[in-house]
Each structure stands twice: as structure tokens, then as C-alpha cells.
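Model the full structure from these sequences, guided by the hints.
Using our numbering, the first residue of the sequence shown is number 1, and each one after it goes up by one.
Derived from the structure by calculation, the hints contain no laboratory data.
For clarity, every value in this text was computed on a predicted model and none was experimentally measured.
Cβ atoms here follow ideal geometry from the backbone N, Cα and C, with glycine treated the same way.
Be careful, since some hints might not be right.
[Stated by the list, open to error] Keeping only pairs whose Cα atoms sit at most 20 Å apart, straight-line, the calculated DMTMM-like set for lysine to aspartate or glutamate is:
id: 1; residue 1: 313; residue 2: 210
id: 2; residue 1: 313; residue 2: 328
id: 3; residue 1: 313; residue 2: 261
[What the hints assert, rightly or not] Label-pair restraints from in silico Cβ distances:
id: 4; residue 1: 294; residue 2: 146; range: 46 to 54 Å
id: 5; residue 1: 295; residue 2: 103; range: 42 to 50 Å
id: 6; residue 1: 70; residue 2: 136; range: 26 to 34 Å
id: 7; residue 1: 308; residue 2: 61; range: 31 to 39 Å
id: 8; residue 1: 241; residue 2: 176; range: 25 to 33 Å
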Amino acid sequence: MIRLGRSLLLCLTVVALATGGAAAWRADAAPDIHIVLRTGEPAPDGGTFSEFSDPSINDGGDLIFGAVITGARARETLYLRAGGRVRPLVSTGAPAPTGGVFRAFSDLLLNDGGTAGFLGRTTDARVTEAIYLVRGDAISPVAAVGETAPGGGVFTDFANPTLNNRDLVAFVGRTVGREGIFTASQSRASAVVMAGDPAPDGGAFEFFLDGTPALNNRDGIAFVASTTEHHRQGVYILAGGHPVPIVTTDDDAPVGGRFTEFGSVVLTDAGTVGFVGRTARSQVPEALYVTGRATLVPLATAGQDVAGSSLTKFAVAVIDAREDMVFELSLPVIPQAIYLATRAGVRAIVRAGERAPGGGTFTAFSSPALNGAGQVAFVAETDDGRHGIYLVSLR
1 MIRLGRSLLL CLTVVALATG GAAAWRADAA PDIHIVLRTG EPAPDGGTFS EFSDPSINDG
61 GDLIFGAVIT GARARETLYL RAGGRVRPLV STGAPAPTGG VFRAFSDLLL NDGGTAGFLG
121 RTTDARVTEA IYLVRGDAIS PVAAVGETAP GGGVFTDFAN PTLNNRDLVA FVGRTVGREG
181 IFTASQSRAS AVVMAGDPAP DGGAFEFFLD GTPALNNRDG IAFVASTTEH HRQGVYILAG
241 GHPVPIVTTD DDAPVGGRFT EFGSVVLTDA GTVGFVGRTA RSQVPEALYV TGRATLVPLA
301 TAGQDVAGSS LTKFAVAVID AREDMVFELS LPVIPQAIYL ATRAGVRAIV RAGERAPGGG
361 TFTAFSSPAL NGAGQVAFVA ETDDGRHGIY LVSLR
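Next comes the structure, spelled out in C-alpha cells:
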């Protein structure tokens with residue numbers, strides 16, 4: 001059994017109870033898949049779509065996505081699809097507000113208010129990258145390389161930005177020899193927790209791991225970190241501005257054995273934390289967990305049979321307010337399915353080999369995005385050599 005005395009039970013004031021996600025889907029329900037765009041179609045600002053990046057989706061069903069455009073003006077462009085209309089936000093070669101021109105985009109963000117965001121790289125030798133927000137037609141940086149970082153030093157690079165409905169951005173920021181979790185809004189950054197800060201379970205934080213941070217719409221933050229105390233790893237949540245451990249590698253896993261590492265942390269507005277937990281000396285080497293009333297609940301486990309296929313290693317995971325989790329496997333390397341896990345069980349939403357709307361058969365999938373309305377957005381490749389952006393409605 002997992003030892004709860006000093007970890008999970010301390011978080012019951014901020015961790016939600018189970019919400020009964022079993023009603024979210026029926027095992028015999030056929031997925032309702034729609035195609036949004038496919039390669040070969042014309043882009044609204046000229047040229048032809050030839051490649052898509054992972055999309056982000058808000059609760060209204062609006063999408064932000066990136067696309068490589070071929071034609072007279074080859075470029076990479078970020079687009080917003082809202083109300084059925086697709087409009088360009090910014091392209092490579094366009095002037096960046098921090099100097100130079102944009103040369104690459106990643107980590108696309110979109111909240112329910114229509115604010116978009118991204119991590120942009122530029123040609124400017126001084127400000128090589130920044131996290132930008134897009135409100136209407138205005139693009140503004142909220143954190144940039146070369147700026148003074150709260151706590152000292154200057155930012156050298158960023159990872160894993162995330163955006164909530166209050167236009168707050170949380171991210172991992174690095175300075176020379178140090179990293180931390182920061183938040184930023186209206187170009188004002190604050191340090192949340194830094195490497196070197198005391199860890200609540202002994203030692204000091206060393207570095208932050210795999211998908212960290214997770215941010216909800218109440219400005220709550222969950223993260224995975226390593227500490228100097230015999231290199232312990234843990235899943236932490238901020239309670240009253242202070243990090244509190246949910247579970248660490250000193251704890252036993254509900255599936256047996258001792259936890260060895262964690263990843264893919266997610267957080268609901270109610271405070272429920274989900275993550276991948278890996279274990280040693282157990283018949284179940286890893287599982288996908290959510291926090292429950294007084295223990296961790298494994299929603300999916302490695303080796304579990306799902307419609308004749310065995311789950312392997314977990315990769316990307318996302319969560320909604322019902323505590324439904326959508327995930328992919330990291331083995332095989334090219335994802336062959338997108339799965340849904342709830343308290344009722346696990347099923348594949350879509351698999352390679354199934355017919356795709358618009359033509360062709362699915363062969364591979366990108367990282368999925370999930371909104372509060374039960375819509376999953378993803379990019380998939382089909383056997384006719386085309387890529388498309390698809391939407392699946394779970395309920």
C-alpha cells in the first residue's frame with residue numbers, strides 16, 4: 001500500500017474527489033470522427049497545406065494549429081480556427097516584437113477567451129526565443145531570453161509553457177546553471193519554485209521533469225521534480241503557495257513495488273492530479289494514475305488488454321474536468337492508437353487501420369488535445385500519404 005501519512009492526505013484540501021467519469025462514454029459507442037483540414041487543400045492566405053503540427057483546442061471547440069505551406073511563398077504559419085473560419089495568426093519571416101523575424105514555432109496554446117500563445121524562435125541574436133501571447137491581432141512577449149529572471153540571472157531558454165483562462169502562463173525557465181517554474185502575465189514574471197529551494201520532504205529541488213508544469217484555471221500548479229535527498233522524485237502541488245508532495249519515490253505503488261519515476265503530470269480545475277508512475281519489482285512496470293479520496297487510482301496499467309492489444313509504455317496524457325484521460329503509448333515509437341481511460345475502463349478512441357473520414361486509412365497519430373466538452377483533436381497520417389486534422393467527440 002502507498003504510505004499516505006505525509007504525502008497524499010496532506011493534499012486532500014486541494015485534491016478533488018472522484019467525479020464519476022464512468023458516464024462519459026459507452027464501450028460500444030462508435031467514435032464520432034470529423035475531418036477539419038487535410039494536406040493538399042488551399043490555405044486561406046495563399047499556398048497549400050502540406051503538413052500540420054499538433055493542435056490545441058479550447059472548450060468552445062476553437063483550434064490553434066501550425067502548418068507548413070507550400071507554393072509561391074513557402075512558410076510555416078500558425079492558424080486559429082474559430083466559428084468554422086480559419087485565419088492566420090503569424091508566419092515565419094514576419095517581424096517579431098522582440099526583434100528579428102520569426103523562424104519557428106512550437107508549444108501552441110489556446111484558452112477559452114480566445115487568447116492564443118506559442119513559443120517562438122527568432123533570428124535576433126540577442127532574443128533568440130520568447131513565449132508570446134496573441135490577443136486579437138496583437139502579439140506580445142510575456143517572457144523572453146535575455147530578460148532578467150525573478151530570483152536572479154537572465155533567461156536562457158524555456159520549456160513546456162501552458163496557458164489558463166486568466167491569461168496566466170506557467171513554464172519552466174532556465175538561467176545559467178539554474179532552472180525553475182515561473183508564471184507570467186502582462187510581461188511580469190514571478191518565480192514559483194526554483195532549483196535550490198528547500199523541498200518539503202527533505203533536501204532541495206534539483207530540476208523539473210517531463211511535461212511540468214500543469215496549470216489549471218484557478219492558477220493551481222502541479223509538477224514533477226527531482227530533489228537532492230538521495231535523488232528522490234516526486235509529484236507536487238502548490239497549496240497556499242507552498243509545494244506539497246502528492247507521492248514520491250519513497251512510496252509504494254498501488255499496483256505493487258516501489259515508485260521509481262513520474263511523468264506527464266496533469267491537473268483539473270478541481271485539483272485532481274493525474275500522472276504516469278513507473279515502478280520497480282512489480283508485475284506492472286507503470287500505470288496512469290489519478291488522485292482519489294485517500295489513495296491513488298490506476299486508470300490504465302502496462303500489460304492491460306484493450307480489445308486484444310496490450311498496453312505498453314505511456315506517453316502523452318491529457319485530462320478533462322470529468323477526470324477522463326486521453327493518452328498515447330510511447331511503444332511502438334510511431335503511435336498506433338489514441339486511448340481513453342476513465343473509472344469505467346480503457347478503450348481505443350481511434351486505431352491505425354481504421355477508415356478515416358475524407359478518405360484513406362489511419363496509419364499514425366500525433367499528440368492529442370482534449371477539451372472540457374469531450375472533444376479530442378489530433379493530427380493523423382493516412383495510407384494515401386496525406387495528413388489531416390481530426391476531431392473526435394467522446395460524448
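Structure-based check of each hint:
1. 313 x 210: holds, 14 Å
2. 313 x 328: Status holds; Cα separation ~9 Å.
3. 313 x 261: Roughly 13 Å separates the two Cα atoms, so the pair holds.
4. 294 x 146: 46 to 54 Å: Since residue 294 and residue 146 have Cβ atoms about 47 Å apart, the given range 46 to 54 Å holds.
5. 295 x 103: 42 to 50 Å: Between residue 295 and residue 103, where Cβ atoms are some 48 Å apart, the hint holds.
6. 70 x 136: 26 to 34 Å: holds, 28 Å
7. 308 x 61: 31 to 39 Å: holds, 32 Å
8. 241 x 176: 25 to 33 Å: Check passed, 26 Å falls within 25 to 33 Å.
Violation of the numbered hints given earlier is absent; every hint is satisfied by the structure.
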